[in-house]
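S.K.: Protein chains in written order, with this note's numbering: chain A, 3 to 128; chain B, 879 to 1168.
Since the hints were made in silico from the structure, they are not lab data. Where is the CB? At the ideal position from N, CA and C, for every residue including glycine.
One-sided and incomplete, this derived list gives chain B residues near chain A with beta-carbon spacing under 7 angstroms:
id, residue
1, Ser897
2, Leu974
3, Pro994
The following label-pair restraints were derived from C-beta to C-beta distances:
id, chain 1, residue 1, chain 2, residue 2, range
4, A, Cys19, B, Gly990, 23 to 33 angstroms
5, A, Gly27, B, Arg1108, 47 to 57 angstroms
6, B, Gly990, A, Glu111, 25 to 35 angstroms
7, B, Arg1075, A, Trp34, 44 to 54 angstroms
8, B, Val1143, A, Gly55, 47 to 57 angstroms
9, B, Pro1141, A, Ser6, 46 to 56 angstroms
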Amino acid sequence: MRMSWNWLEGVVFTASCVLVALVLGYLAVEAWTTGHGPPDLTVQVGTPVHGGGEWRVPITVTNHGDTAAEEVHVRVSPRGGRTPREETEFVLAYVPRHSKREGWVSFREAPSPEGVEARAMGFATP
Amino acid sequence: MAEARPSDAPRRRRPVQESLREYGRGIAGGLLFSLPLLYTMEVWWAGFTSHPANVLGYLLGTYVLLLGYNRYGGFRRDVCWFDVFTDSLEELGVGLLVSVVVLVLIGRITRGTSLPEAVGMAVVEAGTVAIGVSVGTAQLGGQHREEATEEDRKRLESADHVPGQLVIAFCGAVLFAANVAPTEEVVMIAVETSPWRLLGLAVLSLLLGGLILFQSDFTRAKRFTRRRLRRDVLAGTVITYAIALVSSALVLWFFGRFDGNGPSVCVAQVVVLGLASTLGASAGRLLIQS
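Work the whole structure out from these sequences, hints included.
M.R.: This is the structure in structure tokens:
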């Protein structure tokens, strides 16, 4: 055994061992349980907020799949209401696996009482 | 991160102040080598787009590189293996901690960040930080800068230790290549550059490696390079470039730069990155030994 450690070196070494062991263990479990399936995206619409003469709606995109999704195009439009419908769109650079990303869209008119429809139109896999 | 000492030398407990200074040097070295990576978005992306098995392999690969550096870097040939293993583990831990702290401070890891994303980013960044910590601890103290005949004699001996020199050259090449490989620019240059220019880049890399190792006396390079025969110079230059190409290919593969690309684009990328790796395998190798 190395007997020349002072208390600081002992603390740093022990903390390093714990940290590295935790990361190694976590990655090993993840590597074992994570497959190679495609991204699985769900889109959730939040409560519209009025401000600045327009309506802003928060959109949360969650990736339940095993692979990250790249360049995720999300299209948002009010359900029902008058035509032509006011559609809006935004792009997320990445939605990592088992993670979520949030974006906002804005409408000139108040979203219809039936709510807002949002879906991921397409994405690339890295 | 203890400094090297002969395995049979009597050991004494070091003052805490001295340890603090050493950790400070290590962290400074880690940031010095890895800050470009910590500020590069392609590296963050590599952390969460890579499969966990690849990230695990990257972490283990970093540990092996650290073992190589701590075993053969500078004057550590007489250091005992137990110290090499524990120092490397400690440097990996400090690397992980430093990368997490910086990623939190620059807003890459927030409350909304998922665990797989945070761990992936931290591990990919920690690789270079840890090697920087190792180099910084050993080289930024200035303890080896003074002229000493005995030390120069040991260096000449280490120049003849071919596996050790190969390991150090590989460490230097990976350290430099990892700073450039994740960027989109490597693919762009590889795709847009004509084969003749790529050939020119390869020749330039070869010449640069030979020049740094055998001609320019970079950080008094003659202490670390065997140059008794013309054959030694030629072999040293070619082997250095070969190490640079292998390390370029490995680093590019990890960052997913070969995925979906044809062989010609892959080879072009290796040659483009080879310039940076050659600098690492030659100048970097000399710097981390001096």
